Amino acid sequence: MHFAPLPYLDPGSGSFLIQLAIAALLGLGVAIRASWGTIKKWFGIKSKPEEDDDDSENE
Amino acid sequence: MTTQKTNSGQAKQSRGQLAASFRDPSGFLFSRGGVLYRQVNRAYEQEYARLMESGLYEKLVKAGLLIPHVEVEQAPAPERTSGLRESESALKIIQPERVPFISYPYEWSFGELKSAALATLSIQKRALKLGMSLKDASAYNIQFVRGKATLIDTLSFENYKEGEPWVAYRQFCQHFLAPLALMALKDVRLSQLLRVYIDGVPLDLASEILPTKTRLNFGLLTHIHLHAGAQKKYSGEEVKSRSGSTFGKQAMTGLIENLEATIQKLDWTPRGTEWGNYYDITNYSDAAFEHKKQLVAEWTKRLQPTLAWDLGANNGVFSRVVSSACPYVVSFDIDPAAVEQNYRQVKNDKTENLLPLLLDLTNPTPAIGWANRERDSFGARGPADMVLALAVIHHLAISNNVPLPQLADFFAETGKWLVIEFVPKPDSQVQKLLVSRKDIFPNYTREGFEAAFKARFTIREAVEIRESERVLYLMESH
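Sequence order for the protein chains is V and F.
For the first sequence, my numbering gives the first residue as 1, with consecutive numbering after it.
For the second sequence, my numbering gives the first residue as 1, with consecutive numbering after it.
Don't read these hints as lab results, they were simulated from the structure.
This one's a predicted model, so the numbers in the text were calculated from it and none came from an experiment.
Incorrect hints may appear among the rest.
If you only want the chain V side, here are some residues facing chain F, beta carbon under 10 Å, derived [unchecked claim]:
hint	residue
1	13
2	14
3	24
4	25
5	26
6	27
7	29
8	30
9	31
Just so it is clear, CB atoms sit at the ideal spot from N, CA and C, and this is done for glycine as well.
Generate coordinates for the entire structure from the input sequences, incorporating the hints supplied.
Here it is, written out as C-alpha cells:
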C-alpha cells in the first residue's frame, strides 16, 4: 500500500504530455512492426528470423 | 553530521546510511561492520513481493541485468531522527552483491554509457512483461559488474499501471539519450556535462547544442527537441494522470522500442584524438615493450594484489597483463578514444575483471551532489593495492609542472604498491614536451626522482628497460 499518492519522481508535466502526444504514433509503430512479417509476405519478400528479446545481449 | 568511510570509501551519514541513498521512501542503503545492506521498508512490501515472486528478479539476475542479493537476518538501521514516517519501518534487510569499484556516468566512455542506456531499456521491457515498471531511470542506478551494465537499485520497480505514461521518461532522456546524442553527434567530450548537471543534461541545453539536422531524426526530434519545448511550455502546470487508454501498453512498448532504436543508431568511433594510435607512434622498440610487460607480470604475480589501478592506461595493454593475475583492475585514461577502445575490447573478450574509465590525473573527479557527498571523488574510492603509473610521470611533472615531492605524495595516497616508470629528459617523448618551453626542471633527473619518492616510498626494485632510457620502479609506500 503506497503511503503517498504522488509518484516517486517528478515526471514533469511536459514529459507526460509529450508521451501522450506521440502515443498514437508509437502504438502504430508497434502494430506495423508486429505485422511486418505479414506485410512482407504480401510482397513476396522473405523475412529474416525474428530476434528474441530474452536472448538479446545485454549490450 | 560526521561522516566516516566504509571500506569502499563511500561517504556515510553518522548513522551508517549511505550519503547517496536518501531519496526513496521504499528503502535505503546502509553499512554495518563494513558490509553493505539495503533496508526494504514496509511501504514497498507489495512491489518487493511481486519482484521476487513474478520471476522478474530471477530473469534479470540471470541476464546479468540486476545485482543479486540475499535476504539476511539483520536488525534494521537505526531510525532517522528527521522525516520519520510510520510506513518507513523495515520490512526486511537484504544484502546485495558488492560492486568491486563504483564508477559514475561522467567517467564512462561513449560505449559504456550506451550499454547502460540499453540495459535500462532492456530491464524496462522485461519488467513490463511481468506487470512492473521502472520508477526511475537514473544513470547512477547502473554500475559495471562482471563487465556488464547492471542495475543496482533493487527497489526501483513499481507496479505497472496500464494507461499511464512512463514516469521515468524525462530522467531517461536527460541521463542517457541527451548525453549520448551530444557525444555521438557533436563532441564526445560533452559527457562532462553530466558532472555539472547531476540529474542529467537539461533537454533545452541539449536541444540548443545538437546540430539542426538532428531534427530530421524522429527519435531525437520527439525525445529531445519537442520534449524540451513541452517542458518549457508546460512547466508548473498540473497534469492529472488519468488511467485509461490514453497511454496503453502498446504505446508504452512503442516508446521503449523507439528509444532503443534511436540509441542503437548512435555511434562514436574513436579516431583522430591524440592518443588513439598511441602504441603505434611511441618510441618503444619491441624489446623494450616486452621487457616492461614481463616486469609488470612478474611483480603482479609476486604481490598478489586484490585491486589494481592503471593510471594513464591508454587502451589497457598493461592493465591486461595485470588482470590475468589480479581479481580486479580499473584502467584509467584521459583520452575518450583510448577508453572507448579499451571498453570495446572488454566487450569483445567478455572480460569480467577490467573496468576502463575516463580520468584526467591533473583534475581528477571531485565529490559532487548533495553536500558534496553523494558521488565520491576519485581518491575517496581508493586506495588500491597496486597502482601502475607507466609513461605518465613526465606529463605530470613537465606538462603540468607538478613538483616531484607532490607527485610522490599523490601516489602514496593512491595505493600501497607503486609500479612507476621514470622517463628521463633525453627520452624523445620528454624532448617533445620541452620543445616549445623553457626547461625549468633542474630536479627532473633520476636522482631527483628517487630522492623525492624515497620520502614516501621504499624502492624495492629499479630496472633499466632494455633498448630505452627509461627505468621501471617497484615501490612500497611507508
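Tell me the numbers of any earlier hints that the structure contravenes, in ascending order. none
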